[in-house]
Structures are given as C-alpha cells and as structure tokens.
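Chemist: Heads up: the protein sequence lines correspond to chains A and B, in order. Quick note: the first sequence uses the working numbering, first residue 563, plus one each step. Quick note: the second sequence uses the working numbering, first residue 563, plus one each step.
Worth double-checking, as some hints may not be accurate.
The list treats identical chains as interchangeable, and a pair is accepted whether it falls inside one copy or across any two copies.
[What the hints assert, rightly or not] Straight line, CA to CA, 20 Å or less: simulated DMTMM-like cross-link-like pairs of lysine to aspartate or glutamate:
{"id": "1", "residue 1": "K1020", "residue 2": "E890"}
{"id": "2", "residue 1": "K785", "residue 2": "E950"}
{"id": "3", "residue 1": "K1023", "residue 2": "D944"}
{"id": "4", "residue 1": "K1030", "residue 2": "D944"}
{"id": "5", "residue 1": "K903", "residue 2": "D817"}
{"id": "6", "residue 1": "K843", "residue 2": "E1005"}
{"id": "7", "residue 1": "K693", "residue 2": "D678"}
{"id": "8", "residue 1": "K909", "residue 2": "E1022"}
{"id": "9", "residue 1": "K1030", "residue 2": "D835"}
{"id": "10", "residue 1": "K719", "residue 2": "E731"}
{"id": "11", "residue 1": "K627", "residue 2": "E613"}
{"id": "12", "residue 1": "K685", "residue 2": "E731"}
It is worth saying that the hints were derived from the structure and are not from the lab.
2 protein chains.
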Amino acid sequence: MPKLTLILIALFIGLNSPAQTPKGVMTPSQLSQVERGYGMFIHFGLNTFNETEWSNGTLPANSYKPTNLDCDQWVKFAKDAGFRYVILVTKHHDGFCLWNSKYTDYDVAATSVPTDVVGEVAKACKKYGLKLGLYYSLWDRHEPSYKNTPAYLDYMKKQLTELLTQYGEICELWFDGGWNKKDAEWNLPDVYNHVKSLQKNILLTVNHSIGKPENHSAIRQPKDYAKGDPIRYYPIDFRIKDPNFARWDDPKYYDWKGQLYYLSFEHTICLSDRWNWFQKKQVLAARPLDELEELFYWGTANDNILIVNVPPDLTGRIRTNEQIRMLELADRLGIRSGVSKLPSGPKNLAFNLPIKASSETEKEPAQQAIDFSLETAWTATDTLANLEISFPNPIVFNRVSLLENAFMKDLGDGFSSIRIFNIQEFELQSYANGQWNSFYTGENIGACKTIQLPINIKAEKIKLVIRKASGPPSISHIAVADIATKGIRKVKNNW
Amino acid sequence: MPKLTLILIALFIGLNSPAQTPKGVMTPSQLSQVERGYGMFIHFGLNTFNETEWSNGTLPANSYKPTNLDCDQWVKFAKDAGFRYVILVTKHHDGFCLWNSKYTDYDVAATSVPTDVVGEVAKACKKYGLKLGLYYSLWDRHEPSYKNTPAYLDYMKKQLTELLTQYGEICELWFDGGWNKKDAEWNLPDVYNHVKSLQKNILLTVNHSIGKPENHSAIRQPKDYAKGDPIRYYPIDFRIKDPNFARWDDPKYYDWKGQLYYLSFEHTICLSDRWNWFQKKQVLAARPLDELEELFYWGTANDNILIVNVPPDLTGRIRTNEQIRMLELADRLGIRSGVSKLPSGPKNLAFNLPIKASSETEKEPAQQAIDFSLETAWTATDTLANLEISFPNPIVFNRVSLLENAFMKDLGDGFSSIRIFNIQEFELQSYANGQWNSFYTGENIGACKTIQLPINIKAEKIKLVIRKASGPPSISHIAVADIATKGIRKVKNNW
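Could you put together the complete structure from these sequences and hints?
Modeler: Encoded structure:
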C-alpha cells in the first residue's frame, strides 16, 4: 500500500476516532451523558429462565419463555421511577440475542416468544421520552466463530450494525467481557470507528476501562486510581468498572500513550440486596432505601453517573417488589416521573478529618471510614469499639449516614452471596462546650442507616460507639451533614 | 350524731361526688381530657439516681442530686414534641416527694438540690400553655404511718391538699399502687370528695381501675373487658391499666352497683425500648418510630388518650436521644409545637376478616392477628409460616403495618427486660385477578414495621410469608390501609 494511502487512512481514522480530545473538556455527548445522570440497567435473557447469573452458551434457546412479556411496562416504570435512560443487555456472555439477528439462531426469534425485545424497548423509550443505551458482551460463549478472532470481529460488527441501524438513536454502548481475549485482539479502534460511523453521537466504553493491559489480576479498584493511570481500552468515551464505585476526588484524567483523556465514571449497582443481576424465581429483598439514597448521591456526584439494574422476571415484567423500592427512592429524591432535576446529596462535613478508633487493623485503619472511597473501610479488632471524628471548626449538623461494611457469605449455588453485617447496637455522641451528649441509639446498621435528625446539633467531635456486635464491626463510610448545605453534583471542566 | 345531720352530710357528699353521672355522656372535664388526647408522663426521683425502677423507701434522700436540673427544659420540650399536657410523678412507691412537703422529710427539700420540682413544672406548664396532671402513689414504702391506714389517709389528704392548692389548676390526678391495701381501705369516696373540693374540674383515677375487688390476680387485661364489667375503684373519672392497651371496640361502660359509668382509657407507654420508666445511666434505644406512630393512632383513637413516659436523666434534663425520637414522631404526625390537631390513623381494612395460617397454636390462633386487641397474637408452630387474610370485597391499599409480638428476655437486674423478635425475613403478597403478586420483601420486622407504598395495590387477599425466623413467628397485629381513608379518633357519645 502506498505511503500516501496509509496517511489518508490514518487521517480518516483520526477524524472518526475519539470525538474525545485530550484537551480535558467534555464533548457535547459526554456532557449530555452526565446531564442524564441516572439510568436503568436491564438484565433479561436466558439466565432469567435458568436460575443463574452466567451461563456458558449451551442453554437451549427455547428455555427462554416469558409468559407475559411487556417491554412497555419496563420503560413506563423507568420513566415513573425518575430514570433518564435505559441500558438494555442485548447479549450477555452466553451469546443469546434479545433481537432477531441474521447472524445467529441463538436469539429470541428461535423461541416460542419471538418478540424483538430490543425493538420493543426502543419503541417504548421513544414513547416515554427516555434515551436508550445498549450493553453487548464481547465475550461470546455460544458463537462458534468466537475462537477465530477476525471471524468473530466480523460477526460482532455485523451484529452491531443491526443494533445501531434498526432502533433509532442509541446514546451509549457498553462492551463487557473483554478480559476473555488479549486486549489488542479486540482491535478496538476499528470497532470504535465502525460504531461511530453508524451513530455519531454514541458514547462507547469497555468494562474495566482503566488498568494495565494484559494483566487483568493487577487491575486496581477505583479507590486507587490516580490521574494519568493507563487507559486499558482505547478509544473509549467514558469509564466503567462494574460494580465498583469511584472515589469522591476521582481524578477523571487517564492516559493513553502520553495524552490525558477526560472520562466520566458510570457506576453500576444491582437493586437486589443479594447482588443478582438476572431476576430469580424467588422474590428477594431489594437494597435498603437508605443505602440506595446514599449510593445515588455518591454515584451521581462529581459529574459521574449511576445506573441501577432492575431486572424483569420470568413472566417478562418488572415485579411490584422492585418497582416499590425504586419508586420509594424516586419519592425520597423528589424525581418521580422524571419531572425534577436530579438532586445533590448533602455535603459530607467529615471527609478526611482527624479520626481515632479504639482499635483498628493495619489494613483497615480508622481513617478509611471518612476517606474519599466507599470501597475502603475501618475494621476494629474487638466487638466493642468506637470511632471519634474531630472537627477543627465546630459544625452544626442534622444528618448522619453510617455505611456498614459487609462480610460476604457465599450461598454455594455459584452466583449468590448475602451480605452479613455485624453491628447489633450502637450509639452516637456529639461533643460541644466541654460535654459529650448522646443523641442517638440504635440497633442494626446494615448496609446503610441514615439518621435525619429533627434538630440541629453543634459538635466539635462526633463519636460512634459500637455497644454490641456479632463480630468485629467494620464501617465503610460515615457522612455527617447539614441538609441545608448541598454537595456538588456537577463540577464540569473544573477538575 | 343526729340522723338529719347524717342525711345532710350524705347529700353534701352526693353533690360533690362523681361529676360523672351514669347517663353515659362525657362530662365537660372528660371531654376536655379526650380533646387533650396526648400527654407526656414524667418519672423522675430517687430511682433516677439509683439505677432502679422501684425502691423500698430506704434509699437516702441525699442520693437525689441532679447536677443541672432544668424543669423548664422538660416542658419546653413537651410543647415542642406536640404534647398537650404533662403528668408528673410527684411521689412513687418509695415515698420520696418531688415537692417540699410539710409532712415528711423524705423529699427534695432534704437534699442538696431542694428545688420544688412540682412547682417548677407547674410554672413551666403555664409558660408554655400546657395542662398539668399529677401522679401520686397510694402505696408508700417510706412513710411510717402507712401501716396505720386512718393515719396514713390523713397524711395522704394533707399531701394532696399541698399538691392541689399550691400549683394552680391540675387537670388529672393519678393514683397508683392501690393493690397494696384492700380496696375498701382506701376509702376512695372520701378521698375523691377531698380532691374534688380542692379542684372541681380535676379528673381522678386509680390504676387497675376495672376488675373484681380484693382479687388482684384475677384482674383481666383490657382485651377481655366487656360492657358492664365491675369498676374496682369507685368513684373514678377515667380508666387506666398501666401499661396495657384498650381493645379497638373498647366497651367504655363499666358497672358500679348496677349503674353503668362512661370511662375513657388513658394508655401509658414507656418511650424506652427496654421498658424503663426511670432514666438509667446508660443511654438506651427508644422504641422504633413506626411502633410509636401505630401506638399513637391506636392509643388516641376511639375517645381514648395516650401518655408517653419521657424521663429526665441524672443531670435533671431530658436527653437528646429521647427528644429526637419524640420529635421524629411529632414530625411524622404533623404536630410539632402542638399547633395542629392530633391526626387519626388510617383505617384498618383487615379487622376481623377471614384469616388462615399455615400453623397456629391453640392459645394464639391466626384470628388474633387482626382482632380488636393489640394484646393478643397469632403464633405459628413452625419457623416457616404464612398468614392469609381474605377481603370479601376487593380493597385498594397502600399501607401495611406489621406488629411483631415480642418474647421478653429478663436481663436479671430486677427491672430490665429486652424484647426479642424472631422474624428475620418476610414477604408480602397480594392476590387479585387470579394471580398472586409479591409486592414487598424485608428482613426484620421487630416491634413494628410500617410499609408505606408508593403505589396503590388492589387485593382480594393478602398473604404474609415468613421465610426465615429464629423461633416460631408471632404477630400481634396487622393493619392494612389506604392512607386516604382515616380511622376515627373521636366518636363521643356514639358508643
């Protein structure tokens, strides 16, 4: 190939490649994403009908048989619950496609309920005024060509063409499972250009966006990320590391070959208290409302985004149980029906202040209860323990959120685990004018307990006293706030 | 004494005796009491300083030593928390008096903090516009004359004269501990007349108002009361049986010598989750807010009254911990600062409907979960259990309250016990149009869990499924309601 042609190709690629520039300013599409801020993630497919989370591509397509499929109900509910968009899992690692793909028979069209789920969701999104994003697994455990990477990339691009040309505007595209091949094998610049050539405003990303390529086990958590950490998959438009949470002072700038790129973080959480993404037969408890509220505030702060997985069940509808918890959250946030702006949470007055504990482990010192990460924790060495935060300038507060760190218990079925919380009795004290004042006693904390006080309290110090626990107590985060002082949801171009 | 004089005395007593007539209509004072509806009970005294609930009259008076006594704070708080009046324990069974009584040295005047607590509370009640009621123990374990009944009655009447002449208007007078002498020994008609001669609008009662005299152990609970049950202490103006709760269809008419008298029931509850009336050194958890809300609705419904004990601590002030829970309740009820009327609770649509359980004990059948008593319960025989209520006419509901029946665990210190709740995981289902729909899953219920739904649900049946419990589950009450339909707080003269 003549040199000039190569240059022209390179220029062409350059023009179509990252809308994102290394200038550190969000593109209009990135800004729209942050403004959307809050989306509903939908996992629905073969796994829903087989009591599993992941499957290996051998489950029979005809095991997919919703008895009352109603995609309109999903999106109508999403609108009611204040979500701004939907991200639909079109194909999970098992390779089963929720639309009628010309390139495989492992899809809904091969089942007794051949409804094009992607099409129905797209139609409902238009009807209710929500944006639509799609999740597509790079890893495919069914597709025979998967072992032959060039052939599979061709398959993938053809399927992406279907997804990106048949359903109107798609706002985001999520790749997952990239770890199953070497990073470079995915030939991401080419796939990225293909995607952008079909949808110029789409935002694309790959799960585990940041980290050292080819060394999956060395991938750090968002709590460790620093400005200039390497982008693992390039090019991408935003960043995910499911199901982790960004740190509060998330650095936002990541490196590709010496250039820094601005990337917002899209957080993913599962509504289920048991961390299941695909709905199971038994109706399980949803996360506590207090926890969802705190995760909403954290997840949507600082120009980041939160998507919550609300999976339909075997009938093909979202259950009342899940609807109720999300509507409770919408009511608490004041965003029912998506009419109001997403609210900011109250500003945490306790971040990174002097703190001391009655005991702490070397790996989990007291300071981690008020650091910039939800993913670090303080753990005591005894079941009776206390934690004391000092405010260099006395504060006035009326809200305390306590997030307890769970110990995970595997239920042995290959995908379920439950969260075990140790704290059984606690007390909160404030110190002012030379005196300690006990202002609250409670029993279990669990994933999160938010105490909204009916009075303002002045404090030079605050102490959490654990009076009873079934094991060493562990706290991942404490927020102390005055509800009149809001934190900042958007700080665009201010990093 | 000439016969005529006796007749004149009898006539005079008759004129001054029960303002209450057997006509079955509330007197103006009784009506005022029901309109007040919600009072704060204050236990404070020697026991506060001695880590005990009851003492035998030998504790030294000088062990009473509040470091920062502030009765104004008590009443200011009562006003803020929406209470309409205060009932102060002026003398408990130990005989220690909270005012400077001429007739004993076992009083505050003999201590290092001689403040007249009754006087300070009376002054603060005037300042904040609250009514004042007094509790006075008939039983006196200190006063030497107690063994000589006529001498003691004289002592008592002199003390009552002090209490009813020195502190302005007193709205209620509570006698307790009557069981320690034979009922007739108290010569209640005489004491009643004495009291009424000093305060004509006062209402007087004796604890354990209803029951067979001289047979204390045979006294039934309010759940068993029927119209025409004998009045144990006559005359009285209202009815108490601390700490029991009246049944919903409380009969209200009780018998004295063949005449029926109308008596409202004043419920007493302790704010503490551990059932302590006098504050202890350790700050203990208050009852859950959901429980307080339900007990408020029940306790103030049907022309009855609720008083909540909020005890000051060793410093002589009401702690922030207790204040916060009561202010939370006031905010939930919308009665902060006593500005608004007391609200009615939502009407329970499940009272006495057909119900069936997976298992039940002979003494505690399923029906008791929806009967007219909070004091009866359904108890299953297995840890996995369910309860199903049928609605002859389909209902629309958006609120469910579940009150779990506690098993009491004695802490062995002579006065403390904790409530143990068995239920660890539950599910709620509704049935309509031929299908069961799971609408809520949760973990612990505890004393009370109120589920305020963000949607309306139609139901022909409702099922509570207990999925995990540490012992046989027991439910004392289930209320299913539509918050738009209120129950009735006042039904005066309508019984």
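Chemist: All the hints need checking, so say for each whether the structure fits it.
Modeler: Checked hints:
1. Taking identical chains as interchangeable, the C-alpha atoms of K1020 and E890 lie at most 20 Å apart only when they sit on different chains, with a minimum of 18 Å there against 31 Å within one chain.
2. For the identical chains of this complex, K785 and E950 are neighbours neither inside a copy (23 Å) nor across copies (48 Å), given an alpha-carbon limit of 20 Å.
3. In the homo-oligomer, the alpha carbons of K1023 and D944 never lie at most 20 Å apart, since the shortest distance is 22 Å inside one protomer and 48 Å across protomers.
4. Within a single copy, K1030 and D944 get their C-alpha atoms as close as 10 Å, which meets the 20 Å cut-off; across copies the closest is 29 Å, which misses it.
5. For the identical chains of this complex, K903 and D817 are neighbours neither inside a copy (33 Å) nor across copies (63 Å), given an alpha-carbon limit of 20 Å.
6. In this assembly of identical chains, K843 and E1005 lie within 20 Å of each other by CA distance solely across copies; the values are 18 Å between and 32 Å within a copy.
7. In the homo-oligomer, the alpha carbons of K693 and D678 lie at most 20 Å apart inside one protomer (18 Å), although the nearest pairing across protomers, at 70 Å, exceeds that limit.
8. When the C-alpha separation of K909 and E1022 is checked against a cutoff of 20 Å, the pair qualifies only within one copy, where the shortest distance is 17 Å, while the shortest distance between copies is 46 Å.
9. With identical chains, the CA atoms of K1030 and D835 are at most 20 Å apart between copies only, with a shortest distance of 16 Å across copies and 24 Å within one.
10. In this assembly of identical chains, K719 and E731 lie within 20 Å of each other by CA distance solely inside one copy; the values are 17 Å within and 88 Å between copies.
11. In this assembly of identical chains, K627 and E613 lie within 20 Å of each other by CA distance solely inside one copy; the values are 13 Å within and 65 Å between copies.
12. Taking identical chains as interchangeable, the C-alpha atoms of K685 and E731 lie at most 20 Å apart only when both belong to the same chain, with a minimum of 11 Å there against 72 Å between chains.
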